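**Student:** Starting from the known structure of chain A, fit chains B and C onto it as the hints suggest.
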Amino acid sequence: MSGLVVDSERCIGCGRCVRACGCTGIVVEGPRGRRLARPTDACILCASCVDACPVDAISVEREEAGAADLASYSGYWVFCQTDASGAPLPVAFELIGRARELADARGCRLTALLPAAANGAAPLIAAGADEVLCCADPRLADDDVEVFTSWICHLAEERRPEAILYGATVFGRVLAPAVAQRLQTGLTADCTVLDVDAQAGLLQQTRPAFGGNLMATIVCPAHRPQMATVRPGVFSAPAPDASRTGSVEEVALGDVPDARVRSLGVETAAAQDTLTDADVLVVVGRGIGSKKNIPLMQHLTDLLGGKLGCTRPVVETGWLEYWHQVGQTGVSVAPKVLLSVGVSGAVQHLAGIGGAETVIAINEDPSAPIFNAAHYRVEGDCIEVVRELVARLEARS
Amino acid sequence: MRILVCVKAVPGSTEVKMDPKTNTIVRDGGSAVLNPFDASALEVALALKDAAAAGDPVRVTVLSMGIPATAKILRDCIARGADDAILLSDRAFAGADTLATTYALSLGAAAMGEAPDLVLCGKMAVDGDTAQIGPELAGALGIPCVADVAELVSLADGALTVRHATDAGVATVELALPALLTVAKDIAQLRMPSIAGVRAAEDAPVRVLSAADAGADSARCGLAGSPTQVVRSFVPERSGAAERVEGTAAGQAAKLVDLLGGMGL
Amino acid sequence: MIDIHPLTADFEDYLRDESRTVGSAQSISFPESEAEVREILARTAPSPVTLQGARTGLAAGAVPEGGHVMNLSRMNRYRGLHVDGETGRFHLCVEPGVILSELRKRLAKREIPAADWDEASLAALARFEQAPAQFFPTDPTEASAELGGMAACNASGARSYRYGAMRAHVSAVRVVLATGDVLALRRGEARARGRRLDLTCEDGRSLSLDLPTYVMPAVKNASGYYVADDMDAVDLFVGSDGTLGIITELELELLPVPAVTWGVSCFFEDESQALDFTIAARPVLGGRAAAFEYFDGAALSILRRQKSASAAFSGLPQVPERYRACVFVELECDDEDQALESLDAIGRAMGEVGADERDTWVARTDVDRECQRFFRHAVPESVNMLIDERRRTDPVITKLGSDMSVPDDRLHDVVALYRRTLAEAGLESAAWGHIGNNHLHVNVLPRDAADYAAGKELFKRWAAEVTAMGGAVSAEHGVGKMKRDFLLTMYGPEHIAEMARLKRRFDPEVRLNRGNLFAASEAEGQPVPAAFAAKGDE
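Protein chains in written order, with this note's numbering: chain A, 10 to 406; chain B, -15 to 249; chain C, 34 to 571.
Please note: incorrect hints may appear among the correct ones.
Claimed, not checked - Once the Cα atoms are required to be at most 27 angstroms apart in a straight line, the calculated DSSO-like pairs of lysine-lysine come out as:
1. C:Lys340 x B:Lys33
2. A:Lys345 x B:Lys33
3. B:Lys169 x C:Lys489
4. B:Lys33 x B:Lys169
Said to hold, decoys possible - Covered by chain A, per the in silico footprint, the following chain B stretches (three or more residues, Cβ under 8 angstroms):
5. 75 to 88
6. 96 to 104
7. 140 to 153
Because the hints were derived from the structure by calculation, they are not lab data. In this text the structure is predicted, and so the values were computed from the model without any measurement. C-beta atoms are modelled at their ideal positions from N, C-alpha and C, and glycine is treated no differently.
In isolation and in its complexed conformation, chain A is listed as follows (with noise of 0.2 angstroms):
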């Protein structure tokens, strides 16, 4: 029987297993002295109490299923997601460099998959690839998922890949479990680390959960394809290899139902009066001075290709409109990179920046609290710097 198993020999009967799970699915009970965790019947296997023990006397058993013909899988695929004129996007390039060290270590070939025309082949065999399977059916041209579905599980079915990766892009995402639904088999989803145990050939497919807070390591050990998304820019894409070789194939779409969803089309998005969207962001305090410094600003936020933010009092003063206003009474910003410009740090101002990603504060105040939210941080004139950085960015472009 598989379920949550506690080791009586070395529980200590601390509670922590307790306290981790979230659905009173183990208890600890017993006389003083002799206090052992339980697991009962509202466990959900979540694991959380694995994790939580101090002294490993909780596992998660499980009766290993009959492993289905693994060894007749064999080699890698990265699913090659094409932009409007059938060029791979970048993340495919990507995986194809990652792809090609796991079956190298595996001993194995590396298969692109380009629904396209095989012209744009030749890139994918230099990154890396052995072979490239291209359809260039003119129902594939509208990314419908039911369509790539049938014609990659068709192409796995026959050909029997033991891993396929693909890019965690919007249609990524969609693709990847609906195949994974077909073919039965496990999917990772969002993976920044993969490694595979070459003998076993099990990948390791490791992913963030709970916001980033946590990170886990996930196996498939009994099903065929392994597969799992990577985001655009986990990987770097390997520089190309002009002589390398490779064989090119083109395949038939095959027996594919009709698509069912119809595009009216497609909005590319306009710059808005929003932050939230932004990447980088540049947020500005009463630290800078004046009014007048605020086109200084805003050519830095170009330079940068991003957009510009402030503190509430930036607002009340009327240097910026209150869309820029960034904290508890303005908007929560998640940017990659927030350079942080003559900005105290009140605790509400704190509250809106959390979600950044990088913070880098320019503040004349060593003691300025904004300073305990950056990764870096740049004692001094704020304006001064401000200058000096935007000319070098200048002379940079």
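**Tutor:** Chains B and C only, in chain A's frame:
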């Protein structure tokens, strides 16, 4: 019209930290809450119910797989306006990954008797972040899926028009029911229940189905039916104090240019 | 030696607070300990000293009128914890610069910094960590307030309906007097006999004081010194607007978090229904209602506009047009059955006044409670934004918000007074606030300088009429500098002179927070100008 809304109970907080003394993960999630994306999906369903023509009423069913205590969250959905609720709850469902969860939910949908015309899911759950359940469930039910829907433009005569995020921008698409949509969190804000709603929900039954009730094949449920396994969990390391960028203003600016360049800017 | 900075442009922010008035000063300091506070007092003598913290006050209490500014924000340590042997309650000792939002977070997460605590405090902390969750009940809207400032003005908040103002929850204070003497006061240890209070400073100096003789109204009140027969000395310092001494430590009594907290927003189609509902629901709900808050039709309209106009407010729930008044009730109960009973009672009370229990929002989850909180806080925030916008066209315009309370049986009367006089004066307004305590913040929204002047006149008139109803001119914001004329109206010149005399016993050179409660000249003992000795005494 029948609308099925799939919901998940998630921990109230997704905060995780490391206990420095024991080197174990402390996940003090507090009590379970309705996954915020699913809350938005429920509001979309309730708004359709409000707007429904008198001759064609909308019936909203909420479905979840979870522990018995999840019934409370489902009852709260009824207080806000859902008509009934189904809870798949059984030891056999424990330890399910997305594939096994999808299987169980597809059985729950079948238990509605009449197949749903529209299935709504949150785009993802805040604890797992996989965004896989919607597309997998659409596959299991054999209906088309549109993911990350930002706006429901129209629904008339069984044809649905929605706007959703794609890699190229926001696309407007049309499809016929039955269909499954996963919704973005901002699509709608779930209403609060009224006093009358709270009172009505107190007596509303939540249909609890065991694996056997749902007619499940135990090999496809829970841990046994899950191809993936978590072999290790850990808290990612974070840098502590801020790194100083020293020098004159010019020197600092030069370092910032390098730093920004390293981040692709 | 601690830095005393000249008050240059870099420190301009410290000349203002949330009242949006701007003062002047020559120098500023940021002490980090009681010793530094005393050092600064000595080094800046005999210059006036204005005390401040987060500057979130609405009565300009922290705005300097010349001299030195002593900002206590960097005195923000947690000093210790003890458990009361009789009540079993926890008492947490903090410095004045601790921020309320941070205190709440630390209590909720049970992460109190205890690095330099003694054995006894650490033992209490161990008990705290195992005890049911604790909270501090005083909840002003602005959670970035600091505890010192909250004690200085005897802050309140929505939950003051059940828990009263801050005063009741302060169990001890350490106070540095202008003379440099230190008073360490613990509740129950120093009490007046009648109106006579004897205190002994740490160095042995004793003070024998005659307390003012007025009788405070039996309503929610933050107007002037708290005085009563046989009163506790701690109570005198809480709510004294920083005029008597500098609080360098205060001890907060914590309470266990209630088992069930539900928020209920009840909507009405007209204001009189909302008033009748409040009167009907108060006795039925009894101690289960922690808060009774009101939002009038104009406030709801501003919210509707704000929701569509600004992305930051797009998360506000939709308020149907037919809703013209809202009463928010926060229920605190021992269990859900009790809470359900209370919901029924609210539904019945709504029915009795001709409203419908379907027009309610019941918040039972954190997400919904947060949504309701956002809704409630968005009202003052939106009005501030509106005023800021108007001020750009005319800088004389600032916020004009009333803060008066009356006894229970005068609720209809006082609202009728507000409505009638606002209509007569042709002023725009929005009202919200603590209707359970018959305490509304009526905000005049001036369109121009003439409106502003008319609004100020109206407030003076209200001060007199509210006093006549047996009410208080400042129920929670404190008097500061903005409302000292109203205090005069409320108590009359003789009693103001008594307060000033009491202040001089602690602060003979009249250095601390000049201009708070009474003008500096009055504090120095000059007679109150007859022109101000207004009505109000009837």
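**Student:** With the threshold set at 27 angstroms, check whether the alpha-carbon distance from Lys33 of chain B to Lys169 of chain B stays at or below it.
**Tutor:** 19 angstroms, holds
**Student:** Examine the stretch 96 to 104 of chain B: at least three residues should have C-beta closer than 8 angstroms to a C-beta of chain A.
**Tutor:** It is violated, with 0 qualifying residues against the three required.
**Student:** Are three or more residues of the stretch 75 to 88 of chain B within 8 angstroms, CB to CB, of chain A?
**Tutor:** It holds: at least three residues are needed, and the stretch 75 to 88 of chain B offers 8 whose Cβ sits within less than 8 angstroms of chain A.
**Student:** Does Lys489 of chain C sit within 27 angstroms of Lys169 of chain B, going by the straight-line distance between their CA atoms?
**Tutor:** 46 angstroms, violated
**Student:** Against chain A, does the stretch 140 to 153 of chain B show at least 3 residues with beta-carbon separation below 8 angstroms?
**Tutor:** holds (count 6)
**Student:** CA of Lys340 of chain C to CA of Lys33 of chain B, is that 27 angstroms or under?
**Tutor:** 24 angstroms, holds
**Student:** Between Lys345 of chain A and Lys33 of chain B, does the CA-CA distance stay at or below 27 angstroms?
**Tutor:** Measuring from Cα to Cα gives roughly 40 angstroms; hence the hint is violated.
Of the numbered hints given earlier, the model fails hints 2, 3, 6; all others are met.
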